[in-house]
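Asker: Below are the chains, spelled out letter by letter.
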Amino acid sequence: MGEQIIDSDVVIVGGGNAALCAALVARESGASVTVLECAPPEYRGGNSRHTRNMRCMHEAPTDVLTDAYTEEEYFSDLLRVTEGETTENLARLVIRDSPEATRWMKSYGVRFQPSLGGTLHLGRTNAFFLGGGKALMNAYYLAAGRRGIRVIYNAEVTDLRMGAGKFESGRMLLDGQPAEFRARALVAASGGFEANLEWLEEVWGEAARNFIVRGTPYNKGKLLKLLMHLGAESVGDPKQCHAVAIDGRAPKFDGGIVTRLDCVPLGIVVNKRAERFYDEGEDLWPKRYAIWGRLVAQQEDQIAWSIIDSKATGRFMPSVFPAISAPSIAELASALGLPARSLETTVREFNQAVRPGHFDHQILDDCRTEGLNPPKSHWAQAIDRAPFRGYPLRPGITFTYLGVKVNERAEVQGFGSGTNVFAAGEIMAGNILGKGYLAGFGMTIGAVFGRIAGREAARAAAQ
Amino acid sequence: MQPLSNLIAEGERLMVICNACRYCEGYCAVFPAMERRLSFTEADINYLANLCHNCAECYYSCQYAPPHEFAVNVPKVFAEIRARSYEKYAWPRFLRINAWWAVAGGLVVAALLAGTGPVAGADFYAVISHEAMVATFGVVTAFVVVAGVAGFLRFWRESGEGLARFFQLSTQIQGARDALSLKNLKSSGVGCTYPDEQHSQARRLFHHFTFYGFLLCLASTSVAAVYHSVFELQAPYAYFSVPVVLGTLGGIGLLIGPLGLYRLKLRRDPAIVDLKQDSMDISFLALLFLTSLTGLLLLGLRETAAMGALLRIHLGVVLGLLLTLPYGKFVHGIYRLAALVRSALETSRGQH
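Chains A and B supply the protein sequences, listed in that same order. The first sequence finishes on residue 866 if you use our numbering, and the numbering steps up by one all the way, no holes. The second sequence finishes on residue 353 if you use our numbering, and the numbering steps up by one all the way, no holes.
Derived from the structure by calculation, the hints contain no laboratory data. Note that this is a predicted model, so its numbers are computed, not measured. Do not rely on the hints blindly, as some may be mistaken.
[What the hints assert, rightly or not] The calculated lysine to any residue pairs, modelled on SDA-like cross-linking and capped at a C-alpha distance of 25 Å, are: (1) B:K187 x A:D665; (2) B:K89 x B:N7; (3) A:K569 x A:S780; (4) A:K509 x B:A306; (5) A:K655 x B:R14; (6) B:K187 x A:K655; (7) B:K184 x A:V467; (8) A:K838 x A:K569; (9) B:K184 x A:D665; (10) B:K184 x A:P689; (11) B:K184 x A:S510; (12) B:K187 x A:L545.
[Unchecked claim] Residues from chain A shown here face chain B by an in silico Cβ test under 8 Å; the list is partial: (13) L482; (14) S510; (15) R514; (16) P654; (17) G717; (18) A726; (19) I727; (20) P730; (21) L775.
Virtual Cβ for every residue (Gly too), placed ideally from N, Cα, C.
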């Protein structure tokens with residue numbers, strides 16, 4: 404039997420939110436569409452599978468969003484987190500189109516709900532997917548199937564052939580067998596490289612070996628590398644990734660949301676030497692959790708422990724792994740594998756530095772330490788009520804910032820004008836989110852640019 | 002069969018994962034009830050399992066569903082726990098009635114009660130005397146009610162809520178409304194993911210046919226009893242009398258509903274159900290269907306010579322159905338309603 408050849412007006416590489424938005428819009432425009440998803444069906448959807456909401460502009464309350472969230476406020480939030488590392492025209496395009504993208508998603512059976520328990524601070528800005536990101540992807544795939552979009556699983560792109568700045572054909576492994584695909588337009592929507600351990604090690608050195616990948620094991624950045632190799636302009640710092648501190652017992656890949664630990668501001672965090680290294684109460688947790696991945700990554704062996712006492716019970720979202728518990732600090736130290744005397748000293752010094760105040764973990768309260776380095780600026784309470792509890796922390800990578808540069812038509816830059824190569828989703832999110840993190844914004848970029856890429860790819864294919 | 006403690010431990014393992022995720026909280030009553038707890042006792046797991054309607058939305062939406070190493074499958078595990086909880090709450094506990102033996106027993110009883118004299122027209126009481134019928138069914142019904150109440154009390158006692166709280170009017174109304182509308186199978190209007198991943202109202206619809214059909218038949222029997230004892234009007238009643246109209250409508254529901262539910266069962270995704278329960282489920286559906294079929298045949302042929310035999314068969318099937326009620330699939334209604342009332346009670350206290 405000869406080698407399989409896939410031929411389609413538009414080929415989409417990737418299988419997440421951006422990819423399926425592109426596929427559905429390209430199909431709406433009349434193109435024949437093939438989606439090449441490198442995961443098997445049960446793991447389809449890339450990191451969209453783990454998401455749960457999307458940041459939406461709105462002028463008035465909606466069925467799932469409270470109050471209003473204007474373009475200006477949205478953009479200023481983006482400027483603040485990126486410290487200006489954004490492209491204003493593309494960012495505003497995403498923000499302005501977010502209400503229309505949401506309406507369009509609903510028309511394909513995507514359902515939204517008000518913010519989830521424990522996420523009330525997002526109730527105004529983020530529309531939650533009923534059932535989360537996998538439910539979102541299920542709705543897309545169901546719609547794709549009904550509209551005659553061909554979805555090929557276990558399809559890993561290995562090579563692209565271009566001529567005069569235009570995509571002509573590509574090579575892939577289909578269930579491990581070499582195959583070819585041809586198309587009049589290509590949409591790259593295959594995510595970043597956060598699951599590529601070798602690449603991470605190139606960037607981060609040996610420390611990367613102790614990183615945990617929070618999402619899909621399929622985002623290896625192969626297409627990103629191919630495109631850059633072929634001359635696509637890149638954006639975003641290749642050395643940057645978004646990482647949070649997660650439970651150190653999480654699986655290497657795909658642990659997702661349940662491995663998160665929200666107890667950091669309620670206690671102290673120590674490294675391998677049982678020493679504190681950063682202000683655990685610097686700011687409200689939703690504003691600070693994303694810096695802890697880097698903080699832990701900078702510690703010896705990339706590990707740390709959050710230590711709390713029984714006063715913290717029930718004050719943070721439950722996590723999937725049980726706390727390691729002990730009746731005294733010394734016994735907790737030995738259960739955690741920490742030097743006992745050192746941990747006792749750290750806790751004693753911390754307890755002595757705590758100043759009286761009115762504890763309230765919902766606001767920036769006045770419970771703080773005095774004369775301690777590093778200080779704990781809020782929610783500082785003596786760790787003195789047994790049982791004492793500890794959780795191991797490791798850096799958990801969410802996504803990478805490196806991507807290909809695009810214009811407002813989602814055309815990949817570097818191939819000359821009139822190229823038929825487009826990009827959407829995490830592979831180009833660095834154009835807009837060059838730094839930092841804004842909850843639910845990645846999904847908005849994916850939906851808006853997915854739709855643009857689908858429309859433009861269908862147009863390019865028709866020419 | 003795996004030990005109950007293993008199943009409960011598995012239920013607890015799942016709830017700890019789900020409670021750290023919470024993506025499914027918009028689907029049904031189970032997840033908000035879960036979020037009110039930080040840890041899960043065996044009683045909690047039994048309650049949550051009986052609150053689960055097996056719609057399977059959470060399974061298809063779960064990023065931790067198999068083959069993920071967390072292997073989260075709430076509908077299947079809860080179905081297994083539910084079946085075991087039916088055994089646990091059943092009173093008397095030692096009694097297990099196989100549906101088909103019950104029908105056989107019912108037929109024998111009906112045959113024994115039957116007179117031998119010649120029967121003319123639709124004279125039911127010439128076949129079996131009214132006294133014998135009332136005595137037999139009265140005793141069996143009383144037993145069924147006692148057994149049902151005992152099961153409910155065993156379930157409710159585990160909640161730690163006093164009995165008075167169960168009868169609180171506002172929560173009763175809310176619980177009954179959720180049960181009667183099958184709100185938890187609605188999934189905001191598109192229906193549940195049964196028999197497969199695509200949303201469908203089919204299960205809800207056929208369950209409504211079954212449940213309301215059953216209620217109409219119950220109403221028919223009750224009206225007939227009032228006719229007989231209060232107004233001294235004897236069966237058979239005219240085709241357009243209240244008992245016959247109610248019974249006919251109910252009977253039609255009990256033909257369509259169970260047949261529809263059975264057909265869905267044939268097409269369902271085996272991943273989301275406990276296949277071991279099929280005999281319990283299908284025997285209940287079959288008994289409901291046969292009760293209706295024999296009843297409607299009796300109605301249609303009551304003026305013919307077949308009436309005597311049909312009446313005995315019908316009464317035998319109904320007796321069999323009644324005897325199995327406290328020990329078969331029927332009890333899911335008792336514990337589901339109690340769980341919904343408990344969920345309404347917890348919600349009304351402002352816990353989430």
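Asker: Run every hint past the structure and note whether it holds.
Answerer: Outcome of the hint check:
1. B:K187 x A:D665: Violated, because 34 Å separates the two Cα atoms, which is more than 25 Å.
2. B:K89 x B:N7: holds (15 Å)
3. A:K569 x A:S780: violated (56 Å)
4. A:K509 x B:A306: violated (62 Å)
5. A:K655 x B:R14: holds (20 Å)
6. B:K187 x A:K655: violated (37 Å)
7. B:K184 x A:V467: This hinted pair holds, its Cα atoms lying about 20 Å apart.
8. A:K838 x A:K569: Cα-Cα ~30 Å, so violated.
9. B:K184 x A:D665: Judged against 25 Å, a Cα distance of about 34 Å means the pair is violated.
10. B:K184 x A:P689: violated (34 Å)
11. B:K184 x A:S510: holds (24 Å)
12. B:K187 x A:L545: Holds - the C-alpha atoms of L545 (chain A) and K187 (chain B) are around 19 Å apart, at most 25 Å.
13. L482: violated (30 Å)
14. S510: Given a least distance of 14 Å, the restraint on S510 (chain A) is violated.
15. R514: With Cβ-Cβ at 7 Å, under 8 Å, it holds.
16. P654: holds (6 Å)
17. G717: holds (6 Å)
18. A726: Nearest chain B Cβ about 11 Å off; hint violated.
19. I727: Violated: closest Cβ of chain B sits about 15 Å from I727 (chain A), beyond 8 Å.
20. P730: Cβ of P730 (chain A) sits 19 Å from chain B, so the hint is violated.
21. L775: violated (31 Å)
Figure legend: structure checked against the earlier numbered hints; hints not met, in rising order: 1, 3, 4, 6, 8, 9, 10, 13, 14, 18, 19, 20 and 21.
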